[in-house]
Structures are given as structure tokens and as C-alpha cells.
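Numbered according to UniProt numbering, the sequence shown spans residues 1 to 145.
These are computed hints drawn from the structure, not numbers from a lab.
Careful: at least some of the hints might be erroneous.
Using C-beta positions, here's what the derived DEER-type ranges look like [claimed, not checked]:
id: 1; residue 1: Q96; residue 2: E131; range: 27 to 33 Å
id: 2; residue 1: S63; residue 2: A19; range: 23 to 29 Å
id: 3; residue 1: L23; residue 2: E134; range: 46 to 52 Å
id: 4; residue 1: L81; residue 2: F39; range: 25 to 31 Å
id: 5; residue 1: R30; residue 2: D127; range: 39 to 45 Å
Glycine residues also receive a C-beta, built at the ideal position from the N, C-alpha and C atoms.
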Amino acid sequence: MTKFLHAMIRVTDPEATIAFFELFGVQEVRRFSSEKGRFTLIFLAAPGEEGIAEVELTYNWPSEDGSAGEVYTGGRNFGHLAYRVSNIYETCAKIQAAGHIIHRPPRDGHMAFVKSPDGISIELLQDGHLEPAEPWASMENTGTW
């Protein structure tokens with residue numbers, strides 16, 4: 001079982017981006033901010049698509065030292081596609097066996113990142129909960145994700 005969850009884009013002005021999406025009927029459905037991580041996640045969906053197919057806006061807050069915020073060029077503002085899978089360990093093993101790198105292993109039994117042949121980040125999220133298991137629990141990140 002695989003289910004599409006969301007696509008993520010990084011934004012420099014969340015309110016302007018939300019206003020843009022509202023022009024064609026896509027509304028904010030939930031928001032999460034992390035003081036520690038210094039970011040805000042805003043999920044948008046078309047009516048009836050909440051929890052089915054969403055766009056995640058990621059706003060990385062400017063530095064506390066007052067320096068300028070992030071500027072995105074070359075597609076860096078597009079973050080990833082996300083899919084829920086029935087067994088993240090089996091899915092990652094299959095991807096790895098096919099010769100692909102698991103850039104962020106599912107150490108926690110919940111989340112992993114891989115990249116398509118064209119370098120698009122794909123987030124894999126476990127449906128439900130799996131306990132941490134080897135070899136994944138002790139694997140380090142590889143490259144960017």
C-alpha cells in the first residue's frame with residue numbers, strides 16, 4: 001500500500017503564498033511551527049482533499065542574528081514528494097537493492113528520504129509505527145535529502 005501525501009515547497013513569504021493559492025481555491029488546512037527548529041509548516045489543500053493530496057509550505061525563519069533569510073534559486077524551493085508506505089524497512093531494502101542510496105535511513109521506523117534518478121527528494125513515511133531496527137537504526141545520513 002502506497003499513498004501520496006503531499007509535495008513540499010519552500011517559501012520566503014508564507015502569507016503571500018497562501019494568498020496566491022487562495023486565488024484558485026486552495027486553502028490552509030493546518031499549521032505547525034517549531035521554535036527550536038526555526039521553521040513553520042503550512043499545509044494547503046483543495047476542498048475535500050484535506051489529508052489526501054496537500055501542498056506543504058515550508059518557511060525557514062530568518063537567523064536570530066538579523067541576517068537576511070534564505071533565497072531559493074535553481075529549484076531549491078521545491079523540497080520533496082511524500083508517500084506513506086506499509087513497511088518502510090521493506091520499501092527501503094527494495095530501493096537499496098535496486099542500487100539507490102537511502103539518503104536519510106528510517107532510523108526511527110517512521111521516516112526515510114531517497115532521491116529519484118533526477119535528484120528529486122522522496123520522503124517515505126511509515127503507515128502506523130515500527131520499532132527501530134537494524135541495519136537502519138545505526139545508519140548515517142548520506143549526502144543531502
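For each hint, the structure was consulted:
1. Look at Q96 against E131: about 20 Å separates their beta carbons, and that is not inside 27 to 33 Å.
2. At about 25 Å, the beta-carbon gap between S63 and A19 stays in the expected band of 23 to 29 Å.
3. The hinted window of 46 to 52 Å between L23 and E134 holds, with their beta carbons roughly 49 Å apart.
4. Here the CB-CB span from L81 to F39 is close to 19 Å, at odds with the stated 25 to 31 Å.
5. Between R30 and D127, the C-beta spacing of about 19 Å breaks the proposed range 39 to 45 Å.
Comparing the model with each numbered hint stated earlier shows that hints 1, 4, 5 do not hold.
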